[in-house]
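If you read the sequences in order, they're chains P and C. This note's numbering puts the first residue of the first sequence at 1, with every later residue one more than the last. This note's numbering puts the first residue of the second sequence at 761, with every later residue one more than the last.
Check each hint, because a few of them may be wrong.
Said to hold, decoys possible - Subject to a maximum C-alpha distance of 27 Å in a straight line, what follows is the list of computed DSS-like cross-link-like pairs (lysine-lysine): (1) P:K457 <-> C:K886; (2) P:K483 <-> C:K886; (3) P:K480 <-> C:K886; (4) C:K856 <-> P:K592; (5) C:K962 <-> P:K451; (6) P:K483 <-> C:K829; (7) C:K886 <-> P:K481; (8) P:K536 <-> P:K592; (9) P:K480 <-> C:K962; (10) C:K962 <-> P:K457.
Stated by the list, open to error - To be clear about the criterion: a stretch of chain C counts as covered by chain P if any three or more of its residues have a C-beta under 8 Å from a C-beta of chain P, and this derived list gives those stretches: (11) 764 to 771; (12) 810 to 824; (13) 837 to 850; (14) 859 to 868; (15) 884 to 893; (16) 904 to 917.
If you are wondering where the hints come from, they were derived from the structure by calculation, not from laboratory data. Quick reminder that beta carbons are idealized off the backbone N, C-alpha and C, glycines included.
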Amino acid sequence: MAENICPICERPNDPSAERCWYCQAELASGEQPTPVNGTDWLNGLREESEQVTDVETPAETGELEKPEEIPDWLARIRTREQLEREAQANTESAQTEPVVAGKKEELPDWLKEIKAGFSGKKSESEQDDSAPESFSPLATSTAADQKPLAVGQDQNEDTDEWLSRLAAWKPTDAESQTVDEGQDAVDFDTSEPEIPLTPMETPPKPQFDMDSLAALNQAEFRPFESKRGNGWQKLNTDELDADQQDEPQPEKQLSFDDLSPAEEELAPANFDINALRETIAVQHTDPDFFAEKVTPDASDASDEDDLLEDDFQDLNLAGVENTAVASHEESIFLEIKSEPQPGDLTSSPFVPDDLPDWLATAKLEKHEKRSNEPISDELDAGKLEATLDKGNLPAWLQAARIPTPDADGLYDSRKGETSESGLLAGISGTLQTPSFGMDIRKPVGYGSALKVSERQKQSANLFANLVDETFDDNDISLPKKSKNRRMIWRLGLAFALLLAVFLSSNILAPFIIQPALFPPEVVSVYDQVDALSLDKPVLLTSDFEAAVAGELSWSSQALLEHLMNRNMNLVIISSNPSGSTLMTQLINNAAKNVQGFDVSTHVINLGYLPGGATGVKLLAENPRAAMPYTHNLDAAWNSPILYTVYSLSDFGAVVVLSDKSESSRAWVEQIRPALGATPLMFVISAQVAPLLQPYYQSGQVSGYVAGFYGSLAYEQMLQQTSKSLSHLGAFQSAMLLVVVLILVSGVVALIRPARTERKG
Amino acid sequence: MKSPLSMLVAVLSGLLVLAGYFFPFPALIAIRTPMLDWAVTLAGIAGLVAIINLMVGVHLKRLREPGSKRFFSIVVIISFLMVAVFGFYLGPADQKFQRVVTAIQTPIETSLMALLAITLTYSSLKMLQRQRNWMGFVFFLSVILFLVINSGILAFSAEIPVLQDLLSGFHQIPAAGARGILLGIALGSLAAGVRILIGSDKPYSG
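Next comes chain P alone, as it looks inside the complex (with noise of 0.2 Å):
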């Protein structure tokens, strides 16, 4: 072949050239050149995956011997062994290195062993020199490409072998193409190893089969830490091209920050084959950078153990102990260390392998922010406590905690407290756990007749507990002061309205103001009742309670005495048990202010109605079968009164004494269509008239009489003198009192701050 195959980048060169014409490495003239593909001992690897054929020139496989079929493992294990037979023969002959001419010479040695292995050429001193030089893998296998050149048979047969399979092996063009531009990239002068390396934006796809990727595994190829051990970044392929063109970069002092981001940009799993061939590449081929950074003469043989313990670390094969890794590591942390600069991890305590991802990349950031703040040397409890919101915990949570032992004692009397259930049982000062839902009930039989399930079991006895919660003794335990303190302010209260009611009737009546309108309902009730015939008779029906007995007696008083005045027949009914007593009692009292009256002729008492609204409906549908009997029990609908009367319709009016407004509403929804064009009018407690406004309003109601005013506008009307206006003093002084009491205590709070703002 007459061309001059370059050992460092493989590609042909003039043969008068001494240099190379791509990579600049310095061209053996004469000598018998490198096969292709033959030094790189990954392609190898690849060889036996790829089975690339149709690559290598004819001349050139001719040149090579055939493979042997050996199986994968065997070939690992005589590759494994020759290692170990190579590395035990250099450290025997570590003290008999020859002498390198030329510039070779001022390289350490350990350097040109790494650089005679990669080329996998070695000078001619070297050639002559049987015992290897490297107890690197690297150069051992170069050692084993140049056996049949130089060595020949006798070192290892099993070497022969493995080389000869190495031979055969040739790459694709791209992976061709792609080893060439990496050993380019290698170049002795052009090389900057110190630049940051980022990854390849689109990575070459690995291109080898499965049992070379398993021979790799078995490795662990780990470029990047391999890259950290020995304080490399990876080239990528545009700073490879820069390299080849020359161009000088200002060399930037290794940290972790350059390196942190390609350990995150390549994850482990993304195994570029390109990228370790790189780093080997650089690794062997660059001096000056261990010249620039290792300090040659702080101990050459401490630091080549440390290089051929990287190699072995980048290989990562068995039999290789790790632990070199560590103290090769701290060795470029003491090189880091000479030069801090800030943001690196120099003074990290971490190994940066076993550092995360998010540690090695966020922490230098976070620290930076850190440092910028303000730390105080002391913190001030008193500030610290101003700091604090007061007080302003939720209810839920001030119920919740435990009280300080200076809250008004509480604590002590809590401290012997210990809940009896639950997981906290027996342990002091823990909350008790409350026990909602729980059936604390005897078990109740429902009988086999009643089929209950048991979400209404448990619907029931929850409504039961509360039941029983309700009518159990067990008040809130509230301090006696306090209560004594609630004591006298109700006390007071009764005290003052007493007195305001007692004092009206004489102090106060110069200042009772009269009102000068009548509510039109109240003038609607006494035109229908002067309105009406004296052949009908009114229906008045009692549906209050007694409790309300004082003020329905002021407000149906006039009303009742203006249809007797008119001597109108009367019929009572009641819708409760107790209203037709009640409703009694207030006819015989207002007939006693009537004269020429006679309740026994002109009354009659039909009982009580009862099933509420439904009784009111039976009512409204037919009176007679509602009510057939009388209050002693006597034929109702035969007396004089009621014998002309056989609906609602037929009575002159219907007057509906109640205090509620449910069962004014019912009444009303219920006998109102039944009514026809007769009048229903009502007397009600001052607290109905708002519900009852609606129906006035729309006419279904056509009058009614509310409250204390009512009552007097209808005397007024009737212009009587009665009980209502001599109350109107005590009523009107009551109302007063009690809206300047609100008023005050109202204006209080708004000015008192709240009590937690109080009690801080």
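Given chain P's structure and the hints, the job is docking chain C onto it.
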């Protein structure tokens, strides 16, 4: 469908009463009136059962249990027996009997109402202490305003047209709220009735 017969009876009864309301035919009325009569009679019987349960199931049961509540149960039972005996003997229309009953019942219930008035007044004094928010403040102003209006001291407003109109407007506010309540009640009652008529709700099934 666990009880189709009861549901059928309930639905048919409801439909008959409803049809009789809209179509007052004699035939429908003849059916509807006895049904309402039965309902009223059952309601009266239910009241009687409630009284018996109160005496026997509650107070007589408490007599067998130790405690201070036994005394009050004894008082209740004795009072009940006296009223029942005298009521059956004298009749409910007897004036003396009515006077005795009302002389006891009316003062007691009226006193409870008076205590309720005191309690509500006292609670009103502490209203803003517990409800220090805008709703509490609105309620506070409403109480003050309507107490003043209902006390009658603004009777002179009849001579001031603007104030009279203002007070008339304030009087309409409770009516407006009551109208809304009534509408809600009506809609709820309608929905409940429809649910019963279609058998979706069975309050009679226990």
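Discussion item. K962 (chain C) and K451 (chain P) were given as a pair; does the straight-line alpha-carbon distance stay at or below 27 Å?
Written reply: Roughly 14 Å between the alpha carbons, so the hint for K962 (chain C) and K451 (chain P) holds.
Fill in: Given pair status - K829 (chain C), K483 (chain P), alpha carbons within 27 Å
holds (24 Å)
Worksheet item: Can the restraint linking K856 (chain C) and K592 (chain P) be considered satisfied, given a maximum Cα separation of 27 Å?
Response: holds (17 Å)
Item to complete: Please work out if K886 (chain C) and K481 (chain P) have their alpha carbons no farther apart than 27 Å.
Response: holds (18 Å)
Worksheet item: Has the given pair, K480 (chain P) with K886 (chain C), been kept, meaning a C-alpha gap of at most 27 Å?
Response: Within the cut-off at roughly 19 Å; holds.
Worksheet item: Holds or violated: are the alpha carbons of K536 (chain P) and K592 (chain P) at most 27 Å from each other?
Response: holds (23 Å)
Worksheet item: Are at least 3 residues of the segment 884 to 893 of chain C within less than 8 Å of chain P when you compare beta carbons?
Response: holds (count 7)
Worksheet entry | Restraint check for K483 (chain P) with K886 (chain C), where alpha carbons must lie at most 27 Å apart | holds (15 Å)
Worksheet item: Do three or more residues of the segment 859 to 868 of chain C come closer than 8 Å to chain P, measuring C-beta to C-beta?
Response: Held - the segment 859 to 868 of chain C has 6 residues with a Cβ nearer than 8 Å to chain P, which meets the minimum of three.
Worksheet item: Does K962 (chain C) pair with K457 (chain P) here, judged by a C-alpha cut-off of 27 Å?
Response: holds (18 Å)
Worksheet item: According to a criterion of three or more residues whose C-beta lies within less than 8 Å of a C-beta of chain P, is the segment 764 to 771 of chain C covered?
Response: violated (count 0)
Discussion item. For K457 (chain P) and K886 (chain C), compute the direct alpha-carbon distance and say whether it is at most 27 Å.
Written reply: violated (41 Å)
Checked against the numbered hints listed earlier, the structure breaks hints 1, 9, 11, 12, 13; every other hint is satisfied.
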